[in-house]
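Input sequences plus hints: build the corresponding full structure.
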Amino acid sequence: MGSEFVMFSLTPMLIGVFASVACALPGNFLILRRQALIGDAISHVVLPGIVVAFLLTGVVAALPMLLGAAGAAVLAVILIEAIKRLGRIEPGAAMGVTFTTLFAGGVLLLEQSDTSSVHLDVEHALMGNLESLVWLRATDWSSLMDPWALAGLPEELPRIAVVCFAVILLTLVFWRWLKISTFDEGFAQALGLPVGMIGMGLVITAAVAAVAAFDAVGSIIVIAMFICPPAAARLMTNGLERQVLWSVLFAVVSAVAGYVLAGYGPLWLGAEDAVSAAGMIATVSGAILALACLFGPHRSRVGAQAEA
Amino acid sequence: MTPLIEALLLQAGYNAALVAVGATLLGFAAGAAGTFLFLRKRALVSDAVAHATLPGVGLAFIIMVSFGGDGRNLLGLLLGSAVTAGIGLLAVEWMARRTRLAEDAAIGAVLSVFFGFGIVILTVIQTMGSGRQAGLESFLLGSTAGMLFQDAVVIAVGGSLAVLATWIMRRPMTLVAFDAEYAAANGVNVPAVDRLMMGLVMAVTVIGLKIVGLILIVALLIIPPVTARFWTERSNAVIWYAGALGGLSGYLGAALSASAPDLPTGPIIVLVSATLFLVSLLFAPVRGLAAAVLRHRRFQRRVHRRQGLLALSRSEPIHDELTLRVLRAEALIRADGVATETGRAQAAKIARDERRWDVAREIHQDTGLTGRYDGLTPIEQVFAPDEIAEFDRRIGGPRAVAGGV
Numbered sequence: 001m002g003s004e005f006v007m008f009s010l011t012p013m014l015i016g017v018f019a020s021v022a023c024a025l026p027g028n029f030l031i032l033r034r035q036a037l038i039g040d041a042i043s044h045v046v047l048p049g050i051v052v053a054f055l056l057t058g059v060v061a062a063l064p065m066l067l068g069a070a071g072a073a074v075l076a077v078i079l080i081e082a083i084k085r086l087g088r089i090e091p092g093a094a095m096g097v098t099f100t101t102l103f104a105g106g107v108l109l110l111e112q113s114d115t116s117s118v119h120l121d122v123e124h125a126l127m128g129n130l131e132s133l134v135w136l137r138a139t140d141w142s143s144l145m146d147p148w149a150l151a152g153l154p155e156e157l158p159r160i161a162v163v164c165f166a167v168i169l170l171t172l173v174f175w176r177w178l179k180i181s182t183f184d185e186g187f188a189q190a191l192g193l194p195v196g197m198i199g200m201g202l203v204i205t206a207a208v209a210a211v212a213a214f215d216a217v218g219s220i221i222v223i224a225m226f227i228c229p230p231a232a233a234r235l236m237t238n239g240l241e242r243q244v245l246w247s248v249l250f251a252v253v254s255a256v257a258g259y260v261l262a263g264y265g266p267l268w269l270g271a272e273d274a275v276s277a278a279g280m281i282a283t284v285s286g287a288i289l290a291l292a293c294l295f296g297p298h299r300s301r302v303g304a305q306a307e308a
Numbered sequence: 001m002t003p004l005i006e007a008l009l010l011q012a013g014y015n016a017a018l019v020a021v022g023a024t025l026l027g028f029a030a031g032a033a034g035t036f037l038f039l040r041k042r043a044l045v046s047d048a049v050a051h052a053t054l055p056g057v058g059l060a061f062i063i064m065v066s067f068g069g070d071g072r073n074l075l076g077l078l079l080g081s082a083v084t085a086g087i088g089l090l091a092v093e094w095m096a097r098r099t100r101l102a103e104d105a106a107i108g109a110v111l112s113v114f115f116g117f118g119i120v121i122l123t124v125i126q127t128m129g130s131g132r133q134a135g136l137e138s139f140l141l142g143s144t145a146g147m148l149f150q151d152a153v154v155i156a157v158g159g160s161l162a163v164l165a166t167w168i169m170r171r172p173m174t175l176v177a178f179d180a181e182y183a184a185a186n187g188v189n190v191p192a193v194d195r196l197m198m199g200l201v202m203a204v205t206v207i208g209l210k211i212v213g214l215i216l217i218v219a220l221l222i223i224p225p226v227t228a229r230f231w232t233e234r235s236n237a238v239i240w241y242a243g244a245l246g247g248l249s250g251y252l253g254a255a256l257s258a259s260a261p262d263l264p265t266g267p268i269i270v271l272v273s274a275t276l277f278l279v280s281l282l283f284a285p286v287r288g289l290a291a292a293v294l295r296h297r298r299f300q301r302r303v304h305r306r307q308g309l310l311a312l313s314r315s316e317p318i319h320d321e322l323t324l325r326v327l328r329a330e331a332l333i334r335a336d337g338v339a340t341e342t343g344r345a346q347a348a349k350i351a352r353d354e355r356r357w358d359v360a361r362e363i364h365q366d367t368g369l370t371g372r373y374d375g376l377t378p379i380e381q382v383f384a385p386d387e388i389a390e391f392d393r394r395i396g397g398p399r400a401v402a403g404g405v
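If you read the protein sequences in the order shown, they are chains Y and U.
Using UniProt numbering, read the first sequence as starting at 1 and increasing by one per residue.
Using UniProt numbering, read the second sequence as starting at 1 and increasing by one per residue.
Simulated from the structure, these hints should not be mistaken for lab results.
Because the structure is a prediction, the values reported are computed rather than measured.
Just so you know, not all the hints are guaranteed correct.
[As the list claims (entries may be wrong)] Simulated pairs of lysine to any residue, SDA-like, Cα-Cα distance not exceeding 20 Å:
(1) U:K41 - U:V154
(2) Y:K84 - U:V286
(3) Y:K84 - U:Y182
(4) Y:K84 - U:A290
(5) Y:K179 - U:R287
(6) U:K41 - Y:L86
(7) U:K41 - Y:F165
(8) Y:K84 - U:L276
(9) Y:K179 - U:N236
(10) U:K41 - Y:E81
(11) Y:K84 - U:F283
(12) Y:K84 - U:R40
(13) Y:K84 - U:R287
(14) Y:K84 - U:A284
Here is the structure:
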């Protein structure tokens with residue numbers, strides 16, 4: 001369990017945990033604001049953003065792709081609002097029109113451009129590549145102290161760690177604003193809070209978290225982590241503070257358990273190869289949500305107890 | 001352009017013709033079935049259904065292979081996908097009804113979890129002996145290259161059945177989509193109709209997997225109905241407009257993608273559909289942007305015309321630029337701002353109607369009539385000539401004054 005674990009499992013697992021937490025935190029507020037599917041829309045439009053960034057710069061580098069994806073996310077939010085207002089169309093349909101169109105554009109651009117030399121394709125975008133983010137320079141736990149080995153860490157790890165801590169910091173700093181504007185927008189407005197800015201900031205934070213996570217783990221985990229841990233946490237408690245803590249716990253458990261099950265589960269069952277870690281993490285988060293739906297202490301709506 | 005015209009005339013080869021016919025039928029079925037979903041404001045449920053097909057495709061493949069079959073039989077794969085799509089749909093409904101989670105959270109949860117599980121199954125298949133060539137990834141974005149005749153038949157028959165079912169069930173589904181409570185009071189079994197509606201959506205999704213793939217099939221269910229809504233206010237018409245728009249997108253998209261390399265069918269169909277949407281958003285006759293801007297301009301001019309004429313009748317100076325321009329354009333005032341003959345006549349009429357309205361409000365307590373006063377509606381449109389004559393009699397003034405002069 002020593003050296004092999006550090007070399008092959010520690011870094012992917014950490015990346016999975018950071019990505020999950022970074023997505024789950026804004027997810028709490030998105031769910032309470034009934035904007036859960038913004039996460040879905042964002043993770044779809046990340047693809048065209050990244051492709052455009054690649055076509056403009058010609059390299060697969062972190063910063064341009066991050067900018068491209070964040071730009072696409074903001075563009076998508078603006079388009080959704082515009083279609084909703086100008087066409088007087090309900091939000092769900094406006095969202096559906098926007099993200100499918102942008103995604104289709106992204107796929108077309110990808111097919112049209114020569115990306116065979118770089119690692120950029122739709123399947124990779126969906127499923128990520130968590131298993132390949134190994135730490136080859138590590139020998140055992142003592143490598144954590146070895147500068148030479150640390151320099152060989154997969155570059156996704158520091159990136160997602162920074163984003164994760166930034167999201168945590170933002171959540172803490174804007175905690176009161178977020179809480180007030182999420183639960184009572186009118187009251188927040190009366191207090192003079194910039195409600196529109198808070199909403200937009202939340203979406204942009206979610207977009208940045210999605211993009212950073214997407215780079216490492218693929219869009220499927222991103223959607224799952226935006227929704228499943230916060231939704232399960234919502235069924236566990238009535239307090240926002242406790243809900244957020246539950247969601248972080250669920251996100252960490254999903255990431256670790258999902259990775260372990262994907263990597264070692266098939267071996268226990270006698271198969272030889274591992275299965276997709278990203279898919280398994282999403283599956284585990286779904287299982288947690290299912291359990292919360294069945295047994296969570298606050299699973300029913302207030303006043304609906306008698307029905308069940 | 002020749003390859004495009006060939007493709008449009010179904011002359012670009014056997015496979016391209018098959019795909020074009022299949023895509024047209026699929027687009028029509030998706031547009032018509034998606035209309036009810038859109039009117040019921042549940043468009044994104046289809047996204048959950050579409051993503052939930054993936055594990056079914058994988059499991060069906062595994063089952064068919066383990067029974068010694070080929071594993072790539074389209075009908076079998078589609079049946080499998082329908083099963084998990086159905087489970088996903090039930091999960092969404094159960095979560096939205098039984099727990100405090102909103103429907104959008106339930107949609108997102110089912111979508112991501114089922115899709116993630118599907119990816120797990122795909123990786124399992126890749127490690128199976130016969131799995132390498134399974135090509136199940138093509139169901140993500142659709143793949144029309146090398147479509148078999150029997151695949152086209154499956155799509156054509158499925159699409160036709162979906163259209164037929166839509167036509168048969170259009171009345172109860174329209175009722176439920178517009179006002180579920182009224183429908184329930186009328187004895188319509190709302191949950192059953194809802195389930196049927198979702199069943200239709202599921203069928204279209206499953207049929208569309210081969211051509212547009214599970215990520216983009218929602219576009220065909222959502223965009224054509226939204227587009228059709230711009231062109232008509234009648235529910236029956238929306239269904240067939242949406243079907244026609246969807247069919248057109250499918251046909252044009254398939255032809256376009258056949259006319260040049262590197263144009264994947266699914267995304268092209270979606271982009272054609274999105275283009276039709278954009279054109280409608282801008283130029284549709286009543287609900288379009290251009291029409292709205294024109295309407296606003298016309299309204300603005302009417303208000304300015306009236307305010308200007310009122311000012312003329314009271315001999316007040318007019319300073320507003322737009323008012324002056326409107327009045328000049330109709331030759332109601334001269335370039336130097338003095339009222340012309342017609343201008344004075346119109347101003348007098350507006351002033352007189354204003355007096356008539358005052359009287360009307362005194363006589364009629366009925367706000368249904370006097371409430372229509374907005375300064376722009378001519379009084380002749382609200383009251384009958386004899387009523388207006390009565391107002392004039394009460395005003396009495398003009399005759400006396402006219403006699404005096």
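A quick look at each hint next to the structure:
About 30 Å separates the Cα atoms of K41 of chain U and V154 of chain U, which puts this hinted pair outside 20 Å; it is violated. Between the alpha carbons of K84 of chain Y and V286 of chain U the distance comes to roughly 16 Å, so the proposed pair stays at or under 20 Å and holds. Annotation: proposed proximity of K84 of chain Y to Y182 of chain U is violated, straight-line Cα distance about 27 Å (limit 20 Å). Restraint check for K84 of chain Y and A290 of chain U: satisfied, since their Cα atoms lie roughly 16 Å apart, inside the 20 Å limit.
With a C-alpha separation of about 38 Å, the suggested pair K179 of chain Y and R287 of chain U falls outside the 20 Å cut-off, and the hint is violated. Distance hint between K41 of chain U and L86 of chain Y is fulfilled; the C-alpha atoms sit about 18 Å from each other, no more than 20 Å. For the suggested pair K41 of chain U and F165 of chain Y, the alpha carbons sit about 38 Å apart, so the restraint of at most 20 Å is broken. As the CA atoms of K84 of chain Y and L276 of chain U are separated by approximately 17 Å, the hinted pair is consistent with the 20 Å bound.
This hinted pair does not check out: K179 of chain Y and N236 of chain U have alpha carbons roughly 45 Å apart, beyond 20 Å. For the given pair, K41 of chain U sits about 17 Å from E81 of chain Y by alpha-carbon distance, which is consistent with the 20 Å threshold. Proximity of K84 of chain Y to F283 of chain U is assessed by CA-CA distance (about 16 Å); at most 20 Å being required, the pair is judged to hold. Between K84 of chain Y and R40 of chain U the CA atoms are separated by roughly 16 Å; this keeps the pair inside 20 Å, and the hint holds.
With a C-alpha separation of about 13 Å, the suggested pairing of K84 of chain Y with R287 of chain U holds against the 20 Å cut-off. Taking the CA atoms of K84 of chain Y and A284 of chain U, the gap is near 16 Å; set against the 20 Å cutoff, the hint holds.
Hint violations for this structure: numbers 1, 3, 5, 7, 9, all remaining hints satisfied.
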